[in-house]
Amino acid sequence: MTDVVLPCLNEAPALPRLLSRLPGGYRAIVADNGSTDGTADVARAFGATVVTVPEPGYGAAVHAGILAAAPADGVVCVMDADGSFDPAELPLVADPVRAGRARLVVARRRPVTRRAWPPHARIGNAVLAHRVRRSTGLDVHDIGPMRAARRDDLLALDLRDRRFGYPLELLVAAGRAGWTVTEVDVAYHPRAAGTRSKVTGTVRGTVRAIRDMSAVLAR
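Sequential numbering from 1 applies to the sequence shown in the UniProt record's numbering.
If you are wondering where the hints come from, they were derived from the structure by calculation, not from laboratory data. All C-beta atoms in this analysis are idealised placements derived from N, C-alpha and C, irrespective of residue type, glycine included. Fair warning: there could be bad hints in the mix.
[Unchecked claim] Here are the simulated distance ranges between beta carbons:
| hint | residue 1 | residue 2 | range |
| --- | --- | --- | --- |
| 1 | Thr113 | Phe46 | 23 to 31 Å |
| 2 | Met1 | Ala156 | 16 to 24 Å |
| 3 | Arg101 | Gly24 | 19 to 27 Å |
| 4 | Arg134 | Thr49 | 23 to 31 Å |
Based on the sequences and whatever the hints tell you, model everything.
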């Protein structure tokens with residue numbers, strides 16, 4: 001069984017389709033980060049394990065979900081729960097880790113339509129990815145919100161960021177630790193109707209995320 005950590009803040013409209021499309025052998029852990037729209041109830045109704053995360057922040061939700069995953073050496077996937085990713089593609093990120101071909105696999109988003117990824121967010125992501133390549137030597141092009149690694153490996157990195165800087169800190173720490181990091185292409189769809197991005201939905205959100213991530217690179 002492969003656990004899939006889904007950090008959530010008001011993602012109830014997206015969960016029915018997402019959870020019903022999980023491949024066989026994948027189990028959902030919804031890390032509920034203060035939702036007020038019934039996200040936890042919807043998740044439980046579709047068979048997901050729900051972890052309540054009182055500390056605000058993307059990194060806090062992901063970390064809590066990873067702690068709840070099992071077994072200790074099992075493969076854990078992390079994926080945004082807004083409907084922008086197809087759960088059927090989870091094996092693309094999980095299988096190389098399971099086979100020992102990579103310690104960390106990150107998804108490179110390939111938008112299916114222009115509106116899936118606003119220009120301000122795509123540009124910000126490209127700038128950060130360039131800085132990661134330059135500082136770590138990793139051949140990555142996306143600070144993507146879909147990835148896979150083994151639970152014990154992730155916890156051993158002792159990541160500290162509990163906000164939007166978490167995905168970038170993971171890449172930097174993996175590069176410094178000498179991990180084999182692989183990037184795979186996945187489809188990137190417009191988020192589900194009724195949900196709202198905390199990052200790419202507004203220029204302000206994107207700027208805040210870039211600020212958090214830039215602080216990680218400055219350490």
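Results for each hint:
| no. | hint | verdict |
| --- | --- | --- |
| 1 | Thr113 - Phe46: 23 to 31 Å | holds (26 Å) |
| 2 | Met1 - Ala156: 16 to 24 Å | holds (21 Å) |
| 3 | Arg101 - Gly24: 19 to 27 Å | holds (22 Å) |
| 4 | Arg134 - Thr49: 23 to 31 Å | violated (39 Å) |
Of the numbered hints stated above, the single one contradicted by the structure is hint 4.
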